[in-house]
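Student: Listed here are the chains, written in short residue letters.
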Amino acid sequence: MSVPVFKAGYLPGVDDADVTWHRLSLGTAHAPCLVDVPELNAEQMTALAQRVQHASRRHLKTMPVSDIVRVLDKATARLLDSHDVYRQQLERLLPQATGFDAEMVRLSLTSYLQTFRGLQLHRFVAEDFANPKVLDEFQPRAQGGWTRALGPELLVHVWAGNVPALPMWSMVSGLLVKAGSIGKVASAEPVFATLFARLLAEVEPRWAHCFAVMWWPSGAGQERTAFALADVVLAYGGNAALQAMQAHVPVTTRFLPHGHKLSFGMVSAAVLSVHKAPSVARQAALDVARYDQQGCYSPHVFYVQRGASVSPQDFAQHLANELAGLQHKLPRRVLALEEAAQVGAWREAHEFASLNDDTHATHTVLGAGAGDATSTVVYSDRALPLTAGPLNRNVLVVAVDALEDVVTLIAPQRDYLQTVGLATAPEELLHLGECLGQAGVTRICALGAMTAPQAGWHHDGRFSLLDLVRMVDIEASAEREAERFTSYEV
Amino acid sequence: MNTLVSELLEFIARPTVSDDDFNTLALKLFAHQFEHNRPFQKFCQGRGKTPRVVKSWRDIPAVPINAFKDLTLSCVPPETCARTFMTSGTTRGDVKGRHFHPTMAVYDASMLRNFAHHVMQGDAKLRMGILFPNEVLMPNSSLAHYLALALAHFGTPDSAYYLDDNGLRTDALCAALQDAQNASEPFALLGASYSLVHLMDALQARGQTFQLPAGSRLLDTGGFKGQSREVPMDAFYEQLSATFGVNRDQCLNMYGMTELSTQFYDAGNTTVPSVKRGPHWIRSRLVDPLTGQEVSVGERGILAHTDLANFNSVVSILTEDVGQASDDGFVLLGRAQGAQAKGCSMAVDDFLKAAQA
Chain A
1 MSVPVFKAGY LPGVDDADVT WHRLSLGTAH APCLVDVPEL NAEQMTALAQ
51 RVQHASRRHL KTMPVSDIVR VLDKATARLL DSHDVYRQQL ERLLPQATGF
101 DAEMVRLSLT SYLQTFRGLQ LHRFVAEDFA NPKVLDEFQP RAQGGWTRAL
151 GPELLVHVWA GNVPALPMWS MVSGLLVKAG SIGKVASAEP VFATLFARLL
201 AEVEPRWAHC FAVMWWPSGA GQERTAFALA DVVLAYGGNA ALQAMQAHVP
251 VTTRFLPHGH KLSFGMVSAA VLSVHKAPSV ARQAALDVAR YDQQGCYSPH
301 VFYVQRGASV SPQDFAQHLA NELAGLQHKL PRRVLALEEA AQVGAWREAH
351 EFASLNDDTH ATHTVLGAGA GDATSTVVYS DRALPLTAGP LNRNVLVVAV
401 DALEDVVTLI APQRDYLQTV GLATAPEELL HLGECLGQAG VTRICALGAM
451 TAPQAGWHHD GRFSLLDLVR MVDIEASAER EAERFTSYEV
Chain B
1 MNTLVSELLE FIARPTVSDD DFNTLALKLF AHQFEHNRPF QKFCQGRGKT
51 PRVVKSWRDI PAVPINAFKD LTLSCVPPET CARTFMTSGT TRGDVKGRHF
101 HPTMAVYDAS MLRNFAHHVM QGDAKLRMGI LFPNEVLMPN SSLAHYLALA
151 LAHFGTPDSA YYLDDNGLRT DALCAALQDA QNASEPFALL GASYSLVHLM
201 DALQARGQTF QLPAGSRLLD TGGFKGQSRE VPMDAFYEQL SATFGVNRDQ
251 CLNMYGMTEL STQFYDAGNT TVPSVKRGPH WIRSRLVDPL TGQEVSVGER
301 GILAHTDLAN FNSVVSILTE DVGQASDDGF VLLGRAQGAQ AKGCSMAVDD
351 FLKAAQA
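Those protein sequence lines, which keep their order, are chains A and B. If you read the first sequence in the numbering used here, its first letter stands for residue 1, the second for the next number, and so on. If you read the second sequence in the numbering used here, its first letter stands for residue 1, the second for the next number, and so on.
Bound-form chain B, shown alone (with noise of 0.2 Å):
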């Protein structure tokens, strides 16, 4: 396995890769993954598709992200795990997905090198305010990890967490906004969509707004999974974009999952539903998903990643989001309905709820 690890690192490093680079680190991993996971071992063999006959990334079998949830899919004893990441099972009950990773060195440089190239765009440092719970109130929340990874590589040292287990603390922020704003320094505020929501919901009730200085952005990720009142998207950038005075193509978003180990970022939300974009270590396929078959060009379809930075549990995962391709990337049409809601941070609303009552 740490050859693996050591040669992957080397693959993210690299500035680019060839489509062959690609299949070839993917079968890898897949003959990996089905020499050492019995239950995906098994689910590949249901499907006929074993390393023996798989010869395109394209054929590895994408597992159902629900899969996290009934199966342990990794390759090594679970407990022997650096970190497991859960999502928040609210959809089944307690039944959480969970993904294991036996060291967090690739994840981590996964998360940076992309979130360099999408989000600081050349800054070395910025200022930044985090809307989630830190990862001591947070420790199986990927996303709180992404976060922390993005305060402590990124952001300068009065950078702050603006949310714990006492809710959003409007004032400080409001503090720090308008010291960033008398400044003249740029400030990038970074957090889960709907406690995007709540904030501008609190601005809004003290008639408050910002005009954050250039070079700030936003970044949002998560959707809002009724935990605060639905905004249609382009009324979300554009109110987003009024409270803050940022301009719409600073506004961008993240699309994560706690099932992989990489993001893909848009650039920017001038318009909407917005391009999503991954790094070379990461394709995407639209499928049907009962076939598995890609569905044909402009079609819509789900979202199946293959995610060489998922090493440890499966390369390739199946969504239940519904999307479109577009020119380099895709567009998120949503999630396939009668799919339950998928609530990573469902987590987080109920710190905010517990605060307020």
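This is chain A alone, in the form it adopts within the complex (with noise of 0.2 Å):
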């Protein structure tokens, strides 16, 4: 049995037999999916990333904004049209390439994509930019003088690949602030943004080479070549190699980092009723099911408040029965062994905590036991503290007297601190919001909604456009000044 290999990257003015092809094995051992994915020397790097400058100076900086909107929304329609050839590639590629459930990534993505149209694209722009005109030319200022912003020349990705489709945020970013680009794929996932620049191509051919996908070896010479060529390093990863990636970025480009995030539930006695504490358990099961938990915004605990006609104890039921439901409707992917032994040892650690309190029943362990369960959540009694799961639908319900004494509780991972999915009454939002805020939370969201962060959001509390522009200013004095050299005499 052969198995197909798709070749990956996108290298304009490049002759792929000049380049080193590096071959990655995914998929599972039942269904292996083989990915080429090319690396340049360092050399071939600088000519590149030459070419990509003096393309985006040309074709991408000399565009007006909304018609970069107009390109970015018709390449998103053709994503979102089951009968277009790079949609149906990347149906049949991206659940090959991780593993995840092809009806899953169907379902995500296109929810996914319906915040890349044009609309949501100029909102996008608004949401950092009063005046979005300042990306175009030099606007007036109330107080006097002139500014405009300039996106970088060149803005290094560098993506991680725990989420399908994860490039397209920085992608787009770099295009709307007229950024020539170059990115390094993951190498879980190196389809999206493979197909992604080869369609913006297509639908813009003068935009062919204004950017590049490609792949190289972490800490590699390539990588300091391209870290020393850009404007920008937008990277996502882990903190330990986000540490070692900062390391070979020089003082003077700009690294923004995305690093490791932690988030989590919040359920209001307010919402508990018998009637709706169900369909709050199902959205609740829909951002643990979405992408089997490995976004940075995918609950790891719910903390659940007492006092109301259903119990936490109640809700972990009922969440674990919307769990065990989705199985049928998106299976969880296939586990590899070393993920399988570290859910495992999660389940089990709670059950000896279980087995170790004779008296109370303040510990227990939901869905495990039934032989294949594909999730569990572990019901405690006790107020524990937020901490990290195993991820791949394993949750931790956690019952609290009021919701504010969760800020406590997630104090320790304040560095860490991004989504919650929160589940209460308008009264308590706003005051909630504060403690959350106060505590190192920068999105809060409704549950069912954690895993699509809505167009415009503060990616872990930064600005998504303006962190990469730099800003110019002409002030009042020089145009002042100005006046006294006019040609004609006043």
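Where hints are given, some of them may not hold.
Stated by the list, open to error - So the derived label-pair ranges between C-beta atoms look like this:
| # | chain 1 | residue 1 | chain 2 | residue 2 | range |
| --- | --- | --- | --- | --- | --- |
| 1 | B | G334 | A | S25 | 12 to 20 Å |
| 2 | A | A220 | B | A124 | 27 to 35 Å |
| 3 | B | M104 | A | A247 | 52 to 60 Å |
| 4 | B | G334 | A | G219 | 17 to 25 Å |
| 5 | B | K55 | A | S25 | 26 to 34 Å |
| 6 | B | P78 | A | C435 | 55 to 63 Å |
| 7 | B | A31 | A | P385 | 36 to 44 Å |
| 8 | B | E294 | A | R123 | 30 to 38 Å |
| 9 | B | Q41 | A | Q454 | 47 to 55 Å |
| 10 | B | E238 | A | S25 | 24 to 32 Å |
| 11 | A | T408 | B | P78 | 34 to 42 Å |
| 12 | A | P385 | B | P78 | 25 to 33 Å |
| 13 | B | P78 | A | Q454 | 25 to 33 Å |
These are calculated hints, taken from the structure and not from any lab test. Here a beta-carbon is modelled for each residue, glycine too, at the ideal position from N, C-alpha and C.
Take the two lone chains, each set in its own frame, and fit them into one complex as the hints suggest.
Tutor: Here it is in structure tokens:
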């Protein structure tokens, strides 16, 4: 049986024969997927970077933002079209490469792409720039003078592979600020960036040389070359990997790391009525099931308030049932032996805790022990601090008396906090938001929306576009002084 | 319990046993442990596996080795036990796995019979050098006890320890090796894998090698665990063979754990990874860590062992080691990634490092 090989990468102006191809074995033992990724040497990297900078100066920096949005909207529309050849390739290759269930990838991809349509993209720009024309030309400032936002000449991306299609955020951000881009694909997901680059070049042929997609081994010489040429390096990955990268980024280059994050859910007693609790549990289960908890925004723990007609333990049971149900609709991917061992160890640690306290059932493992359980909910009656679980649909439900109590439980993880999926009544929303924000959380959304950040979100509390640009000011004094030098007499 | 111990000793002493014999005794031990060990009982009940339904040793729930840290797995009060072996506690702070042995009779019988077969290979006594601290220095180390047994039962009077709280006694060991070489007397060097690396590094620095007489053998155990430089297996045995002049088929490796009372051996490391085999009172399965089901033939799985010599703790344990079946045994493929380093002998290197400081 021969396994087809997908050739990844997008290298404008470079002959395939001139680069080194590195083979990645993805997929599972039962459904292997081979991908070849291109590796450039330092010399080729430098030449390509120069071409990308040149082309983006000529074709991208001269284009009004609204025209860029139109091109991106066209590309997104094609990716949303189930008959489109690129969409079909994504639907085929992403599940193969990542092992995620095909239906889950299809559904998640569609909702994800909806945040990249024209309307959303305009909002994305407006989120960071009150006057988006500042990206096109100098704009007058109210206090006098002029200002203009310039994107990087070269933006280098280092992508992670935990969630399919993740590179779209930074590729689109780069294009919106008119940056030339070089991206390194993750070994775990080299598909999306490749196909998106090819599609963009097809939709707007003038952009063909404005970006490149490739691969290099972490810490290799090419990485240093790329970082040295970049104005901005935008990197996703584990903190150790980011730390290693940071050491290679020149001090004059802006480094924007997106490291490990920890997210969780909170359920107020206000929503735990007999009628509403099951649907809330269903939304929570979807947040857990989507991408098998691999996202930085995926929940590890749910803090559930006591005192309503549905107890935290009942909620945990609802959640376990919903997760078991989702296994039929959106099956979890097959785990590698090592991942399975990690999940097993986590389950067992909780099981041992429950075996140790003989008198009270303060610790219960739901969903395990049933043989082939693909998800676990562990319920704890004790207020456990936020910790990272083993992913792959294994969560902890922790009972608390008041949602404010959560603040102390999450405090040790301050540096890692990101999303909170919050189910509560309107009167509690801002108060809890304030508490969570102070604690280090950067995003609060509804349960069921944790894995689908809204267009223009402040990723890890930062500005997606503003962080990329350099502002150029013409101060009022220059304008005032210029008045003295008119060719005509006043 | 005393009847169980006698039955076990008789079982271990038999030349061979049938599948039925193994199954019967395994189920008997399971029933005993289920009855007398409350945490284990709850563990089994959670899985719906009670003596009433379990009819094959393969269905006895395998307890993950982490449970030795979190639970008290003993059928008798721990304080009444003759010995308690502990893991080194390097993976989770000070939490150590504890294995309680009410009597050492079973452990010792298991070790001696198996060691005689695989290591002594027909010899009654050998001159031994031990690269590990003795039992006084490490009273809770199962490996220290194992090596002490080897020395006491199979070592000639001039056998000795070459590692103590002052570190590696390289000079004394070199003298002993030279002596054995001159006298054409076979020598057995036994110890932790990383201690052998430290020794080879020390010998290399001196530019010294040996050509030990025919019949000599080397036995390493435990791996490197970050205690010495990581040496690829093939290079390790190549260097061992070259340094001591012992053929790779006499460079033996023992695979054992604090949580077991029986060890596995290979028949030398001419090729790696070598096949590990256990005696008739231990059986191994390769399982999916989540379902506990055996993996298909030829697939990688997590090793689960059913060791009848574990009469007081739990008869079946689930390791964190990845293995693959191979004719009459299994090969070890390392630890499940993400699972932390086991470090049963971290303490030893602490000895070494402290001594060097």
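Student: Taking the hints in turn, state whether each one holds.
Tutor: Checked hints:
1. B:G334 <-> A:S25: 12 to 20 Å: holds (18 Å)
2. A:A220 <-> B:A124: 27 to 35 Å: violated (58 Å)
3. B:M104 <-> A:A247: 52 to 60 Å: holds (53 Å)
4. B:G334 <-> A:G219: 17 to 25 Å: Holds - the Cβ-Cβ distance for G334 of chain B and G219 of chain A, about 24 Å, lies within 17 to 25 Å.
5. B:K55 <-> A:S25: 26 to 34 Å: The hint (26 to 34 Å, Cβ to Cβ) is violated, given that K55 of chain B and S25 of chain A are roughly 41 Å apart.
6. B:P78 <-> A:C435: 55 to 63 Å: violated (46 Å)
7. B:A31 <-> A:P385: 36 to 44 Å: holds (40 Å)
8. B:E294 <-> A:R123: 30 to 38 Å: Check failed, 55 Å falls outside 30 to 38 Å.
9. B:Q41 <-> A:Q454: 47 to 55 Å: holds (51 Å)
10. B:E238 <-> A:S25: 24 to 32 Å: holds (29 Å)
11. A:T408 <-> B:P78: 34 to 42 Å: holds (36 Å)
12. A:P385 <-> B:P78: 25 to 33 Å: holds (30 Å)
13. B:P78 <-> A:Q454: 25 to 33 Å: Violated, at about 57 Å.
In summary, the numbered hints that this structure violates are 2, 5, 6, 8, 13.
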